[in-house]
Amino acid sequence: MAAPRIWGLWSFCCRGWSRVLPGCRLPGLRSSWPRGPLGARPLSQEKRATETHFGFETVSEEEKGGKVYQVFESVAKKYDMMNDMMSLGIHRIWKDLLLWKMRPFPGTQLLDVAGGTGDIAFRFLNYVQAQHQRKEKRQLRAQQNLSWEEIAKKYQNEEDSLGGSHVMVCDINKEMLKIGKQKAHAQGYKAGLAWVLGDAEELPFDDDKFDVYTIAFGIRNVTHIDRALQEAHRVLKPGGRFLCLEFSQVNNPLVSRLYDVYSFQVIPVLGEVIAGDWKSYQYLVESIRQFPSQEEFKEMIEDAGFQKVTYENLTSGIVAIHSGFKL
Amino acid sequence: LLFFLCSRLASALRGTRAQPPAVAHRCVHASVSRPSSDQSERTREPPRAFDPALLDFLVCPFSKKPLRYEASPNELINEELEIAYPIIDGIPNMIPQAARMTHQNKKKKWSSIRSYLKTTTHTTKFSKYHPPFKKPEWGFPGGASG
Chain A
1 MAAPRIWGLW SFCCRGWSRV LPGCRLPGLR SSWPRGPLGA RPLSQEKRAT ETHFGFETVS
61 EEEKGGKVYQ VFESVAKKYD MMNDMMSLGI HRIWKDLLLW KMRPFPGTQL LDVAGGTGDI
121 AFRFLNYVQA QHQRKEKRQL RAQQNLSWEE IAKKYQNEED SLGGSHVMVC DINKEMLKIG
181 KQKAHAQGYK AGLAWVLGDA EELPFDDDKF DVYTIAFGIR NVTHIDRALQ EAHRVLKPGG
241 RFLCLEFSQV NNPLVSRLYD VYSFQVIPVL GEVIAGDWKS YQYLVESIRQ FPSQEEFKEM
301 IEDAGFQKVT YENLTSGIVA IHSGFKL
Chain B
1 LLFFLCSRLA SALRGTRAQP PAVAHRCVHA SVSRPSSDQS ERTREPPRAF DPALLDFLVC
61 PFSKKPLRYE ASPNELINEE LEIAYPIIDG IPNMIPQAAR MTHQNKKKKW SSIRSYLKTT
121 THTTKFSKYH PPFKKPEWGF PGGASG
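Line order of the protein sequences matches chains A and B. Quick note: the first sequence, position 110, residue 110 per our numbering, numbers continuous. Quick note: the second sequence, position 85, residue 85 per our numbering, numbers continuous.
Rather than coming from a laboratory, the hints here were simulated on the basis of the structure. One or more hints might be untrue.
[Unchecked claim] Here's a subset of chain B near chain A, in silico, CB distances under 8 Å, partners left out:
| hint | residue |
| --- | --- |
| 1 | 51 |
| 2 | 59 |
| 3 | 89 |
| 4 | 91 |
| 5 | 94 |
[As the list claims (entries may be wrong)] Which chain A residues stay away from chain B? Per the calculated CB distances, all over 10 Å, these:
| hint | residue |
| --- | --- |
| 6 | 55 |
| 7 | 57 |
| 8 | 67 |
| 9 | 79 |
| 10 | 138 |
| 11 | 139 |
| 12 | 155 |
| 13 | 164 |
| 14 | 211 |
| 15 | 282 |
| 16 | 289 |
| 17 | 314 |
| 18 | 325 |
Since the structure is predicted, the reported quantities are computational estimates derived from the model, not experimental observations. Ideal Cβ placement from N, Cα and C applies to all residues, glycine included.
Turn these sequences into a full structure, and let the hints guide you.
Right under this line is the structure:
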């Protein structure tokens, strides 16, 4: 039974690398992988209130949270290594660029949501410490003629090497946080770091608390992105910055083809071979395709109340950093 | 760039401590304050104690009110709603579904707590952040169900 191809959409029979056309992302379409071609069932074009997408599947909103939790619970132990393998180490540069864009100063309160294994948090602490040390060097150069009392005072005061900066790592998944905490302990990060299990849609923090809110590669897994954005707006201080690092739409057609082939042919295979988990990595690449484009996401951020919202494409749009201010 | 990438990847695969990614183009490497040679003091497990300084930041995700720390059952308690959040391995579990009702409160149901909250502080806080001139197209949490 030949299935009518509608809008040139993907064929689930070969589970191939077809790209979702922009604007045709209909969550009413079901994944017919075990059942057959799409055209056999009636398509619902309206987004039902209680249904959402889990990769290319349609699931209820209650189910999505649980399924995403299971995905990350199973990938937690090899998360960092798989990130390195899949992105060929480029994810480190993306995260570094996020920090350089943030330019935190000593005394910044950072909230890192969905920051399970602590990559952003550790980079933040390093950056702030480096800044503090540079400041001390500058002070030393300027103060070559100190009196003995001042020198003695310097030895007595144990100055906070972070300058009052603090980072709160919040994640919904216990396994990811456990791995993050072990990493922190292994690498010797003690001060200025806190770990909390929390839901991005209902953050357990009071209003106007944080200077910067970051969410790196996490917001596409949230069931209600608008709620997460509103919570972000709530917990930020006036003048606070929202930063989101996320996979996005590629703007170059050649890169896009290569990226599709790589995503759908190589990544799940890597996942199966290294982590023994095909489905989680299939979900990963599908969820990237389901995420709104840079402009759409920018509008969502503006709707949540942020101002001066901008985005910057990295690696021709594979990843984008969205930034907004609460003014 | 390639050399940079290769060196990073090599260090990761070797399993050594990753170099702190400080501002690379200025070639400044942060040296994080680490316990230098006190190997005997460093345990294999990360510390499990809850840091009470977190209480300044944490509030109940339902009512956004401050919490009280109880050391004996190792929980964070919201007196008003009579619910308690567990602390596991030093990490407070603040997910709304994880809250446990304290023993005085067994008769109250979850639905009554949420509907109480909807009529009092919860939705008023959200409505404060609703931009007055532009209605959000992506949905609004006012009618959210537990």
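Report task. Quick one: which hint numbers does this structure break? Sort them smallest to largest. Result -> Of the numbered hints, all hold.
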